[in-house]
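Undergrad: Residue numbers (our numbering), protein chains in the order written: chain A, 9 to 386; chain B, -3 to 548.
Honestly, I wouldn't trust all of these hints.
Said to hold, decoys possible - Listed below are the simulated PhoX-like cross-link pairs for lysine-lysine, each with C-alpha atoms no more than 20 Å apart in a straight line:
1) B:K494 to B:K477
2) A:K285 to B:K320
3) B:K320 to A:K247
4) A:K29 to A:K17
5) B:K221 to B:K356
6) B:K221 to B:K320
If you are wondering where the hints come from, they were derived from the structure by calculation, not from laboratory data.
Residues per chain, in single letters:
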Amino acid sequence: MITLSIDTKTIQVAPDTNVLKAALDNGIHIPHLCYHPELSISGGCRLCLVEVEGQDQPVLSCGLTAAEGMVIQTQSDQLKELRRGVLDLFISDHPLDCVVCDKAGSCTLQEYAYEYGLKDTSYEPTVSSTLFQDDNPFFLRDHQYCILCGRCVRVCDEIVGVHAIDFANRGFETNIATPYDGPMIDSTCVFCGNCVQVCPTAALMPVSRLQRGREWDLDRTLSVCGYCGVGCQIEYATKDDAIIYAQAPEHGAANGSFLCTKGRYGWDFATSPERLKQPMLRRDVAHELGLTEEPWALPETSPLDIRKPNVEQYFVPVDWDTALEFVSSRLSDITESHGPDSIMGLASARCTNEDNYLFQKFMRAVIGTNNIDHCARL
Amino acid sequence: MTNSVREIRDADCIFITGSNTAEAHPVISYEVVRAVKKGAHLIIIDPRRIPLVDHATLFLQPHPGTDIYVFLAMMHVIIREGWMDETFIAERTEDYDAFAAILEGYTPERAALASGVPEEKIIQAARWYALGERAHGESIYEEAHGHSTILYAMGITQRSNGTDNVLTLANLSMLCGQIGKPSTGVNPLRGQANVQGACDVGGLVNVLPGYQQVTDDKLREETAKTWEVEQLPCDVGLTIVESTHAALAGEVHAIYVMGENPMMSDPNSNHVEEAFRKLDLLIVQDIFPSETAYLAHVLLPAASSLEKDGTFTNTERRVQRIRKVISPPGEALPDWSIIADIAARVTQKLDRKPGPEAWKYDSASSIFDELTLVTPIYSGMSYDRLQPSGLQWPCPSETHPGTPILHLDTFARGQGKFHAVEARDPAELTDEEYPLTLSTGRVLYHYHSGTMTRRSAPLHWREPRGYAEINRQDAEAIGLKDGFAVIIHSRRGTIRTKTKISEGVPPGTVFLAFHWREAPANRLTQDHTLDPIAKIPEYKISAIRLENPRAR
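Only chain A is shown next, with the shape it has when bound in the complex:
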C-alpha cells in the first residue's frame, strides 16, 4: 500500500491508484467532468487540478499516480481561480437554460457552476454544435449541451465493446458522431444507453424522461432487472406511480454502474393496455357455471395462428372470489378423482423466490405431488 496525504488527511491506497480516485474513494471531492471511475483516463476537462508539494505548477489529479509520501492540496485560491476559468470556458459553449432543462439537478456542469459561483460566462457565448439528433426512441443526442468530455466514446469502446461513436471533425467543429454521422440504427450501437448514464450533462437523455418532471421531484426505487439472469440492480425513477426512466445505481453488485438495452429501456411493457387486469373465465366455463347465457366452444384455431388476439372474445371477467373458488374446487375434485399426480404445476423463473417457494409448497404439501417444474430448461 501507498501512503499519501490529501488535504492533511492521511490516506492509504493500492499501488497504481491515481490521486483523483484516491481522493474520491476517501470522501474528498475534486471537481471532474471527463473522469469516470470505470473508464480510462482522458485528462481532457482540466478541472481536477491539484497542488503537489514540491511542484511549481498544479497537476491533473486523474493522471497523477499516488506515490509514497506525496502531499496533495485540493483546495486553494489558485486552484479555485483555475477551475473557475475552465468552467467559464465550458459554459461559454453551453446553453444556460437550466431553468427548463430536464437534467437540472443531476447535471455535473450545473453543480460546478453553482459551486464556483458562475452565473454566466465572461466570454462571448457561442454554441459550437447545435445538432439535434432524435433518430431513435431510446435516447436523444442534443449536441448543444455536449462538453466533449468523451465519456460516452470511452464507455462504448472500453466497456460495451462496440465503438459506435467517436470524436469527429476538429477544433471548435468537433462533435461526437457515428461513422459519417449516420443514424444510430445504422451504426454498431446496441442501444444499451451506458453513454446516457455516464453523460454529465443533458447532451444524451433518455427519451422517456423528456419533460416528465424535475429531477428533485422524482422518487427512486432500487430493484433488480426482470430479464436475464445477471441480476443487474436498477434504480427506477418514478413520478405519480409511473416510471420516468431507469439507470444503473453507482455500485450494482453484479453490474457495477452499467446496464443493457432491455434493462434500461424495456420496462414499459408494465403499462401496456394488454395487461391482464382482472380474473377471467373462459366463455364455455362461464356458461357452464351459469354466468353467461350464450353457449360457447373453444375455437379450433391455434393460439399461435390468431392474427389479432382479443382476450375478451375468449374470456369473461369475473371477481377474484369466483375465479379462486372455481380454481380451488376443480383442483380439489381432480385431486380426489384422479390422484395428486394427475396435477402438474409450472412455476416460473420470472417470479420471485417467495412466489416459487409457495407454489412448490402448495403442490407438495397440499396437492401432494412432486409434479412441479419450471422453465429452467427452456
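Mind docking chain B on chain A? Use the hints.
TA: Just chain B, lined up with the frame of chain A:
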C-alpha cells in the same frame, strides 16, 4: 456459476462456449470486453459467429453438435503435452485414470474430422486455457500460471447430451486446476431473472427447497415437520415436457401455469397444444394473455416484478431484493398472494393439515423467513441482511458472509469427480429430406417468448419482426435473397418467416429466435429425445428444410 460475475474482468484467459454472451447476457459481455482490453485471451467455441467473436483472440467454429469432440481433444492435448495440473488432480480429484483412458482415442485429428475445426486451433485453445496464457499485459495473479474461466450457456446444455457437455467442461477445469480460485471456474450463465432461485427453492421435480432430494426419507420428514404436514410425496415428479406427454396419455388432467408460456417456449408446439386441449383444467396466472392463455379455462392476473416485493437469485447465486416500483394494474395481485389464497381454499376442501390458517402470509418477507428455515443454503439470510448488495449462497448462518467462489478448498461432494464421457451425436441428424440444422436462441432486443419485450415500444422499434438467419450459400441455393419470405419445415411442423442473409451462421445452419409468435420456432423443434438426466430438450439441433414460397 462457481465464481462471480465481477471476477471475469481479471481472468487471464476466457473460454466461452454455447453462450451468445453479448446478446443474451450483455452485462457479462462487458466484463469479457474489459478483460480482453487488458490483455486476456478470449477463446470462443460456437457454430455461429456471435458478436463477441469481434473481440476473440481465437475462434473455433465446429459443425453443430460436434463441439464435444473439440472439448475432448483439448483435454487429450493437455495430457499429451503435460499442461495439466498434477498437484490439483492428485489432491483434489478422483477417478482420473478411467477418464484419462477414454481421452486417448479423442485426438485432435479425429476432432478436426468430426467438427471441421483445424487441429492447430484446438491445440492453441488447449494451451491457452490450461496455462492461463494472456495475449499481452500482466496477470494480477502472481502464480506460475494465469487464471482461466469457462463461461457457457444453453448452447451446450439444450442438447440430448447436455449433461455430458457440462461434465466435460467440469473435467476440463479440474484437469487444469482452473477451479476453486478467483477468475476461474465453470460458469453457466443463467438466462432468466430468477431461474437460479426457482431451482434453489424447490421448483424442480426431484428436490425440495435447497436441493434436498425428495427420495431421501430423512430430508423429506424434516421439511414435512417444519410445514406441519404428515407426509410429503416421495416419487420424483414429471418435468414440463414429460407432463405434456402425460397429458396426451390421459394421466395428467390439470396444469397450473404461473408466469410461463409453454405454447411458445416448449419444444414441438403442435404437440403441446394438443396436450393442453385435452386437459380438464388449465390455469394460467400471468401478466399478459400469452399464447398459452388462449387455451386456459381461467386467467389469473398477476403483478409483474416491477410491482411487488421479493427476492431474485442471480446467475452467481446472489440473492437480491426486488422492490415494488409502481402499482399493479387493475386487480392484479402478486403471485404469492394468489397461490396462498388458492392453497388455503384447497386445504379446506381436501381437509389437509395444518389447515387454511397456515396459508396466511402478510408479506413477501414473512415468506422469505419461512423459506430460510427449510432451505439450508439460505438459512443465514434475511431481508435486512440482503441490503444493499445481496448475499451469495451457501450462506448457512446469520454471521456467514456468503460464498462468492465455490469449491475453494474442497468440492461440495469432497473430491472432484472426473466423469469418463464419450462423444455422442445429436438425436436428429440431417438427411436428404431435411438437410439443414436449425438452432434456436435469443436476439439482443427480445427475451424468451417475447411476452414482455414485444410490448416494449423502443425494443419493438429496434427489432419489430422475426427472421431466420441463413447463410448466403443456403439461401442462394433456392433462390432466396435478404428479406425474402421463407418457409421452414421440420418433421414436426412448418413456419413462415423472412430471411436475414448472415455470414454469422455457417452453411448448413439456420438460426431462428423463439421470440416471434408469427414464426414460432418451437413448431419445428423436437420433444422426443431429451437429455437422459437433465430432461432438457434439444433446442439447438433440429433437422429442417427451407422452401422458397415463390418456387411452389
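Undergrad: Okay, which hints does this one fail, numbers in order?
TA: 6
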